[in-house]
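Take the sequence shown: its position 88, counting from 1, is numbered 73 in my numbering, and each next residue is one higher.
Honestly, the hints are just simulated from the structure, not real lab data. Beta carbons are placed, not taken as given, at the ideal position from N, Cα and C, and that holds for glycine. Among the hints, a few may not be true.
Have a look at the derived ranges for each label pair, beta carbon to beta carbon [what the hints assert, rightly or not]: (1) Pro87 - Gly290: 19 to 29 Å; (2) Ala59 - Val140: 39 to 49 Å; (3) Ala115 - Val63: 38 to 48 Å.
Below 20 Å or equal to it, Euclidean Cα-Cα: the simulated DMTMM-like pairs (lysine to aspartate or glutamate) are [unchecked claim]: (4) Lys300 - Asp89; (5) Lys300 - Glu231; (6) Lys300 - Glu179; (7) Lys300 - Glu273; (8) Lys300 - Asp95.
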Amino acid sequence: MAATCSSDSVERAARLARTPVRAIRPGGRGGNNRLERVEAEDGRSFALKSYPRTTGDARDRLGVEFAALSFLAANGIVEVPAALARDDEAGQGLYEWIEGVPVDSPAAADVDAALAFAARLHALRHAAAAARLPWASEACVSGAELIRQAESRLVRLRQVAAGHPGLGDLLEAGIAPILQQSAEAVTFGPLAPECRTLSPADFGFHNALRRPDGSLAFLDFEYFGWDDPVKLAAEFPLHPGQSLDETLRARWREGIARVYEDVPEFHGRLAAFRPLFVARWALIVLNEFLPERWARRVAAGETDGAAARIRQLAKAAALLERVNET
């Protein structure tokens, strides 16, 4: 990959790394952010992550991710990159560079590794510093809040549906009925402290790397915080960024039930909320139709908007076909 030679970017990276920098190269998949590989003159490599600021999104994604990784490292979690330095003015964080390849074809052992990681996070809810951690982004604090979040996304997409063939039909025939039939979810009130867990909030093999020794490293903690474990349990097998067959999905469902066996009302909330999480994820993958969301994708390096929207429509439709999956 071609190196970035801007003197300003090299100087900024060197200041964060506290060592002379030889080159900066594109770092691969960065999602909503720009990820670069910083190569120091002494042979070390670092991950430089830039967090674009967008209108209408006041979340401090840099601050949340840096604090989350620092908390995890302080509590002995080694499956994540180390947080090294940050530049709040530039909106950049410097992290450990993890050598690895995408987990494109997960196996049973990988699901077990994800379950073990979720269990370690759940155990950390009792850590002294955990009380200072924020709620996860779009945390599921009650059934009513989950419905509100989904309806808010639906309203926003309806505003742009007229300009995109197929979008309106999917919203009205596929998603709106799920929200209208969600009365049982409302009966679950505010999430009690004993029902909470710590969650990456965007957890899956799409945010993981397989190290050379075969172990997994989990990435992207910019939405980390307190949440209902039901959300992580339901969303992991639904995430469109990864492909799990029914055997692996069943392995996850059985394993995560054991991880959260001490959580009151876990199974009741999971049964009531799961259709809403299906609808929520269908709405999330349709974000490419929103101008402000596409602006973030462009900032992260994407350019083909029409192809992305066609792809996301298909993903949303596929998700909705799984609404009755147990």
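Hint-by-hint comparison with the structure:
1. For the hinted restraint 19 to 29 Å between Pro87 and Gly290, the CB-CB distance of approximately 24 Å keeps it satisfied.
2. The hinted window of 39 to 49 Å between Ala59 and Val140 holds, with their beta carbons roughly 41 Å apart.
3. The hinted window of 38 to 48 Å between Ala115 and Val63 is violated, with their beta carbons roughly 18 Å apart.
4. A hinted pair counts as satisfied when its Cα atoms are at most 20 Å apart, and Lys300 with Asp89 qualifies at roughly 17 Å.
5. Taken as a hint, the Lys300 and Glu231 pair is honoured in the structure, with Cα atoms around 17 Å apart against an allowance of 20 Å.
6. Of the pairs offered as hints, the one joining Lys300 and Glu179 is violated, with about 35 Å between alpha carbons and a cut-off of 20 Å exceeded.
7. Pair hint Lys300 plus Glu273 holds up; C-alpha atoms about 12 Å apart against a cutoff of 20 Å.
8. Restraint check: the Cα-Cα separation between Lys300 and Asp95 comes to about 23 Å, which exceeds 20 Å; the hinted pair is violated.
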